[in-house]
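*Asks:* One-letter residues, chain by chain:
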Amino acid sequence: MDSSQLLKGVLDLAVLAVLDGRDSYGYDVVRRLREAGLDDVGDASVYGTLRRLFKAGALTSYVVASDEGPHRKYYGLNDVGRTLLSDSARTWTSFAATMDGLLKEVGAG
Amino acid sequence: MTPRMDPHEYARAVRAELADLPAKDRDELLEDLDDHLAEVAAESDTPLEERLGSPKAYAAELRAAYGGRPARTRRSLTGRAAAVLGAAHGRLLRLTPYRQLVTFLPELRPAWWAMRGYALALVVLSAVGSGGVVPGDPVAWVFTLLVIWASVWLGRRTVAGVGSGWRRTPLILANAAAAWAVLVGVAAADHTGVYETTVRYDAGGPPPVEVRNVATFDGGGIYNILPYAADGTALTDVRLYDQDGRPINVDPELYGKRIVRPCAGEPPMTNSYPLPLRDVTETAFDENGLPVPVPCESAMPAPSASPEGAAEPSANSTGSTEPSGGSSSEPSADPSPEPSGKPAKKAAEPSARPSDRR
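Going line by line, the protein sequences match chains L and B. Heads up: the first sequence is residues 101 to 209, going by my numbering. Heads up: the second sequence is residues 15 to 372, going by my numbering.
Just chain L, with the same shape it has in the complex (with noise of 0.2 Å):
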């Protein structure tokens, strides 16, 4: 199965996941989804859910000049998005319990 299919309906919680521990900026994300597993995760991806989770509110964002590269803007996250990672947490994961047991025989053989 194609991963990045199955990619694209979780990167919301991926990314609000990365944020919960600490704010990031748009190619940060990128690579700690990649560093966490996520190879295939594509940086327009995560660069335009950034940005809508910005626009839904569920983010906030601050500008951090830097010296030697270009002003880069952190994202982390509010209350709001804080209660959607939780909500989205906890629907993947009892999703991903009915996953498992239904592909419990099949992993066995």
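I should point out that these hints are in silico values taken from the structure, not numbers from a laboratory. Keep in mind it's a predicted model, so treat the numbers as computed, not measured. For each residue, glycine too, the CB sits at the ideal point set by N, CA and C. It is possible that part of the hints are untrue.
Said to hold, decoys possible - Pairs of lysine-lysine residues, derived as DSS-like cross-links and limited to a Cα-Cα distance of at most 27 Å, are as follows:
1. L:Lys-108 x B:Lys-38
2. L:Lys-173 x L:Lys-204
3. L:Lys-173 x B:Lys-38
4. B:Lys-38 x L:Lys-204
5. L:Lys-155 x B:Lys-70
6. B:Lys-70 x L:Lys-204
7. L:Lys-173 x L:Lys-108
8. L:Lys-155 x L:Lys-173
9. B:Lys-70 x B:Lys-38
10. L:Lys-173 x B:Lys-70
11. L:Lys-204 x L:Lys-108
As the list claims (entries may be wrong) - Every beta carbon over 10 Å from chain B, so not counted as near; a handful from chain L, in silico:
12. Gly-121
13. Arg-151
14. Gly-157
15. Arg-182
16. Phe-195
Guided by the hints, dock chain B onto chain L, whose structure is given.
*Replies:* Here is chain B on its own, set in the frame of chain L:
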């Protein structure tokens, strides 16, 4: 090979790809794109296009991620039409008859291929001068079979998915031409058929005009004509001709009637109205129950003759030749229609009394 884009050029290209978004949305989405791309570029010497894909693909991915919905690129008119048709198709699929139709239509495809080839061959044949709905000679037949073979071959290839891109437009045109040819062919065949069944030729004379398809009253056809003078007098032996001098005929046999054939003299003129008519079933059998092909009748029925008198041809032929009427050159069974009740029925029955023609 690939011109190396700096982050700003890349961002500009992405922005151009998203030109159809509302300006506010686009600005919100792309606000940090330049900085972001600069960050990406700073990490590696590999060109942006190699790492991120083309600006077009990047824009599509952005759109999908930002909108949370499938990319809505600008669609051509045909694309939108296809979308509308696709949606209608989806809704119609809930109807069982439509579903069945969709299931068996593909099975009719070979039939269409053969018909398409036949129609296109006939179009070509008619272009070179031998028209018709059937090939005229063996050469035309061979040509037609070859075109059918080619059409089927092409159809099978297309189903197999071999045909692509540039080949589709001529194929669509050929299909449209073939469909048009089939429709025209069917219309022409229908036309020909009408002529074959309605045009009858008198011996030597000009072809008579059929009126049975010309006009109808009360939903029924015309099988007799009852002429009357302005004062209400019934006229007899009125010969009708069209503007070209062709006799105007009706076809009583379509309505179970036949023109009475007198035993003496010439056969009746078929355009001399009103026609002396009999129901065919009335005279189909003689006394012995044997079918009588077409019995003749004396020109003037006996005064006491019943309408069924036709079954027993009268030997009484006195006054059979009646020279009245001026133009009448042959004896007439002389029915005398009345303008009352059902004229057509009256005309079909012989009058029991002598004619009051003038």
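*Asks:* So, against the hints stated earlier in the document, which numbers end up violated here?
*Replies:* 2, 4, 6 and 13
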